[in-house]
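Novice: The task is to assemble the complex, starting from two chains supplied on their own in separate frames and drawing on the hints.
The listed protein sequences derive, respectively, from chains Y and E. The C-terminal residue of the first sequence carries number 311 in our numbering, and the numbering is unbroken. The C-terminal residue of the second sequence carries number 564 in our numbering, and the numbering is unbroken.
Hint data in this document are derived by calculation from the structure and do not stem from the laboratory. Think of the CB as a built atom: it goes at the ideal place given N, C-alpha and C, for glycine as much as any other residue. Certain hints may be false.
Claimed, not checked - Ranges of calculated distance between the beta carbons of each label pair, as one might list FRET restraints: (1) E/G373 to Y/G126: 26 to 34 Å; (2) Y/G55 to E/K409: 37 to 45 Å; (3) E/S546 to Y/E78: 50 to 58 Å.
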Amino acid sequence: MLSRKKFIKQAALASGAIMFNSSVASAADYITPIRLTILHTNDTHSRIDPFPMDGSSNQGLGGVTARAELISKIRAAEEHVLLLDAGDIFQGTPYFNVFKGETEIKAMAAMKYDACTIGNHDFDAGMENLATQLTNHASFPMLVSNYDFTNTPMEYKTAPYKIFKKGRLKIGVFGIGIEGSGLIADNLFGNTKYLDPVQKANELSDLLLREKKCDMIICLSHLGFKYKDNKISDEILAKETEGIDLIIGGHTHTFFDNPIIYKNKKGSDVIVNQVGWAGIVLGRIDFEFSKFSGKKIMGNHNLFVSQKTIG
Amino acid sequence: MKKKLFLLFIISFSIFIASCKVTYRATVLQFKNYKISDTIQVSKTIQSLVKPYKDSMQKNMGVVIGHADKLLDKKLPESSLGNFMADACFKMAEKKYKTNIDVAFVNYGGIRLSEIPKGNITKGQIYELMPFDNLLIIQKLKGNVLQKFLDLTASQGGVPMSGMTMRIVDSQTGKKAIDVLIGGKPIDPDAIYNVVNPDYVANGGDDAIMLKNIPQISAGYLVRDALFDYIKELSAAGKHITAQVENRVTYAQ
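Extracted from the complex, chain E is given alone in its bound form (with noise of 0.2 Å):
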């Protein structure tokens, strides 16, 4: 009998460990940062199912298209690769359209490498420095707009822009552009200015709320391609890039 309830007890304590309600929860962690560089062996398998795809990427996007002076930088409030990119948009808009352009902006966000060194630049890095489909369009924009949208650009830090200038102040509601010129002369309120824009920011991105229901005049033309267009123009014409800093925008004191 002794056997029995000892038997007993073993088969009830059993089921007591068994139905004992656990739960795990983390309670160290440890971490690292692994930085991916060519000190790392590459992984065969990758490398063959990359290749047929980087082979017909090479042949394509080696091309030497033209020559950078010095190196392009991006940079807020203005840079030179902001101002490089749009004094092609203007330039390229002016010839595309076969029209005045009274200013030319890109988005900064839109400006995808943070550099372009000195030396020669492939038509793959002008992928990678505009990988968007962008369209490059103008708008038929009031004075009253554009301040507006200049307004917005200032709150942002700034905006690559060719055919204008500004600076830009701190106000009780925030950053405004200030000391506005176009071509020169000051912003005039009721005045139509032709603005050439990426279809993004023209559509309401970054905020343009302003520009959203303005018609766009588009002849489907890339603004990558208008960037391919400037650089091509001055290569044949033996030029290299040597866009700078020049104040377009700067920060009132």
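With the rest of the complex left out, here is chain Y (with noise of 0.2 Å):
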């Protein structure tokens, strides 16, 4: 039995070493942020090869070997990956006609992708075809939150939003898909409801920032950039919503040279990425986390923001 002397001396030497370890490891945070690498496609629709080397401007470009390749050396050197789509996977080569995506989703999953949404394409063969690819192919889940599935063959295959843990960071991500109405076949689309995109996004963000306590918000939107009029876009998106730190988008096919910030409702910083089509780019976007104390989340914030010159 140990003395209380003894007790009391090795209690204290217990404690100190705690306090010791802790404040060390807060201090390591504060110096040393936490990084997290995103890497994103948008309407690859089909691309399994590169484009024929057939004088086009494209040829050469795309084809899932050299993406996978590329996206393996980043996970080497990287701790912290997310490997996101915009969705429109489906649609645009034999590939799609013949097999009816399998090809697509299988090589997604070699790839290890962590989540996609959906596009307007993926319903192209049906939605009981793409409930059928995703079950028996997908080794992720496809997020949207904006589409009632309720009493269609897709019910139950899709998620809202999920939560990546990525070492002390945790990542809420959620998806937006477009208007059906005028542009998915009403044979295709069959009962699936469309929701509001900003209603969706703000009570999500709500959600994975308030009550699941995360550290960043990303939605996968294939609601296109911008338009002309009106319409929903990532651009108004972006400026309606609050919480949302990043969205990948879809759907226009647009190559964008930077990521565009915008400000959302509350005055912070929302960045819209999106590259192409057709898996001629893949996008990167690293981000540093550092430590505040938990008041501040709440105020508007900017991101300093920079091209990667190596990597």
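Specialist: Encoded structure:
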């Protein structure tokens, strides 16, 4: 049995050690930010092979084998990676006409995509087919929060959001789909109900931020970058919502030279990025997270943005 | 006793540190766009995953079915690629439905290659050009309904068409189609025209709501098959694709 004196001495040493460790850890956290690498594609449109070498302007570009190799190299160099897609995985090459999306989904699963959202062309071979391809071949969730699939073959096949834990970070990702009417044939869209993107985005941001305590909110959107009229777009979504940090866009096949920064309803930065189509470009955005006291999170904040020169 | 106090202090301080609410926030962003090109090595894993699909595809899709004398490109308000496709739909609808056709349209957004280079054309290219299983259908449209549809296409910057010409003009209520000539004659608001469209458009796609409730004559014939059949006919007659821009759709000044 330990003497009382010895016990006190050991206990003091132990708590000293705890205190020392935790303060060292905190100090290190303040000094060394946590890095998160977001890799993203959109509108890959069944482009399994690179564009053929036929003199067209995109010849030799794209292709899943090169994309996969690049992704695995980045994964080897970075600890925390999220690989995301903003929809329209299907349609565009004979691979889809013949195999109905099997090749595309299998390749994405092999590249270890973390999540995707749904594009209008993902309905092209029918909802039943999409459900089958996801069930049989996908290892990642299809996220969409503003489609109500009740009483359709896609019921229970998607999720509104998913939270990814990366080190000490919690990243909330949710999906937004485009209005089907006038775009997706009635027989393909079926009983799907389209819900207001701004309302859903605010609902989910609120849930992910306040209830689920996420450190970052990403929206995978197939709304399209922007339009001449007031049609809902990523630009409008960015400005009219609060809580989203990053919108990975698609649909309009827009090649961004750099991510575009908008101010949301509360004056905080929202980043929008899109990388054209056909897997010609893989987008990469690296965030550095620093530690703050809990109170500051609700205030508006700005990002320091620069182009990555290496890696 | 001093030691006890010190211990208490240490314990409470540790608790304080541990309970201190901290949160992470992104402060720095760096971006990079990687062009995916053949300078990047290929992933062997993905290559072997894709191979069986690719082999089966190439056997089928590599077949040469025709020849383009010059590059066919996709542009608005009019382009060689659009004219080739609209002409194919016009000619093949006439043949398939054994009736006279007045005009044929192809939805611009449904053209999924931006160009077809000069030279041989493969079956696979036509699949890429028109991957959708859209049907080639006929609607009997009154001139005034056709005019509404043309105004819509004018507001969208034009549409590939065959059998007619028009000019796009800016008006106070947006862009309109004027000087519409069908088969060389001015459009008659009361006449009935045989109009060919992909069923996607006839079902109200691309905002063509004026077409939505009009009956369709359909033989279950795919737009893509019309393209195949048209090219096969040209090839069988020893002809190449020679489509060009010929002022079917222009802007009025």
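Novice: Could you run down the list of hints and mark each one as holding or not?
Specialist: For each hint, the structure was consulted:
no.	hint	verdict
1	E/G373 to Y/G126: 26 to 34 Å	holds, 28 Å
2	Y/G55 to E/K409: 37 to 45 Å	holds, 39 Å
3	E/S546 to Y/E78: 50 to 58 Å	holds, 52 Å
Every hint from the earlier list agrees with this structure, and none is contradicted.
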